[in-house]
Amino acid sequence: MLGGLCPFPLRLGSNNDADGVSAEQYSRTGSTLASCSMAAPLALVTFDTTGPSILSYNGQNGVGAFAEPAIAKIGIGVVTLTWSPAYSDAYETSYPWVGRSTLLTGHGASPVGATATINPSGVIQVKAYELGVGDVEGTFTLKVF
Amino acid sequence: MAITPTGFPVWVRANDHTTYGGNVNKIDYQAVGPVNARTDIGAAEFCRATADLSAVGKTCPFASFSAQFNDTVPGIPTIASTDYLSMAGGTPTAVRNGNGDVTFTWLASYSDQYSVLGLVNIVHAEATVHGVSFRLATVELLDLSVSGLNESVRVRVWDAATATAAIDPLVSVVITTGTV
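Heads up: the protein sequence lines correspond to chains Y and P, in order. Residues in the first sequence are numbered consecutively from 2, following this note's numbering. Residues in the second sequence are numbered consecutively from 86, following this note's numbering.
Isolated chain Y (complex conformation) (with noise of 0.2 Å):
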């Protein structure tokens, strides 16, 4: 069905399960993956106050080093990421790219943590501490959505 003899538009039905694609079965499809779309994370970000380096990179945008927001460093254990105002798909559609929640978590053996800041232009700035000790360099793992 999905071959050169039947090319697009596809067409909905099928007599078993090997041979096509039902429109109960894609009607599954496109409401699983708007309801996945809705609550996806935008990013997720891996990254050392020190340098700062940004460790692992999964975004919308791509996975890997290309695809990582800027970090930059403003104080002991204070960074930004900064990602770029808007991103394209695979065909070049774009769309503004703005983070509006976020979750931090703190790594290694001592009891650090932290917080973040969304300003207005989607910048988000961390802050790092440790318990006891006050502002401390670390790695975190940033979720934005």
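Just so you know, not all the hints are guaranteed correct.
A partial selection of chain Y residues facing chain P, derived with a Cβ cut-off under 10 Å [unchecked claim]:
#1 GLY31
#2 CYS37
#3 ALA40
#4 ALA41
#5 PRO42
#6 SER54
#7 LEU56
#8 GLY60
#9 VAL64
#10 THR94
#11 THR106
#12 HIS108
#13 GLU131
#14 VAL134
It should be emphasised that the hints constitute simulated quantities derived from the structure, not laboratory data. Nothing here was measured: the structure is a model prediction, and the numbers come from that model. All residues carry an ideal CB built from backbone N, CA and C; glycine is no exception.
Got chain Y sorted already, so can you dock chain P onto it with the hints?
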């Protein structure tokens, strides 16, 4: 004959829109779009679905769960099966290192519904403590098998007032894999 899908299981993070049949030049046959929206899927609609699927597949967690640490017993933490959500199935094994300190370990690889194998490389982890006490959790990514890929996460939970290990915390953990 069973089919082998293109690409890799989504937790390998290697799929793009072309994996799912998208193509920047895909068009409707003879430039005629869907005749009936109730029965037809056009090239533009299909391309949008492949791009969206590729995007959410890059950031979706590999697994999330809540674990009740058992320090008073003491014993390994309890992970209720109903609390465990994963791309690949299979709860991690858990080792208690001490009070408020547990290492969770997944298999080096899992297979998808079509028996396509995908390696696991944990690159992000998050942990949040439940309850009314002021507690903080930290994570540590580990490659215990020395394979070059992280398959374990150590979670430590602290009482904020004393900066010492918390006893019997309930913790939610989310892990996300990266490319291998």
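Report task. Just pull the numbers of the violated hints for me, sorted ascending. Result -> 6
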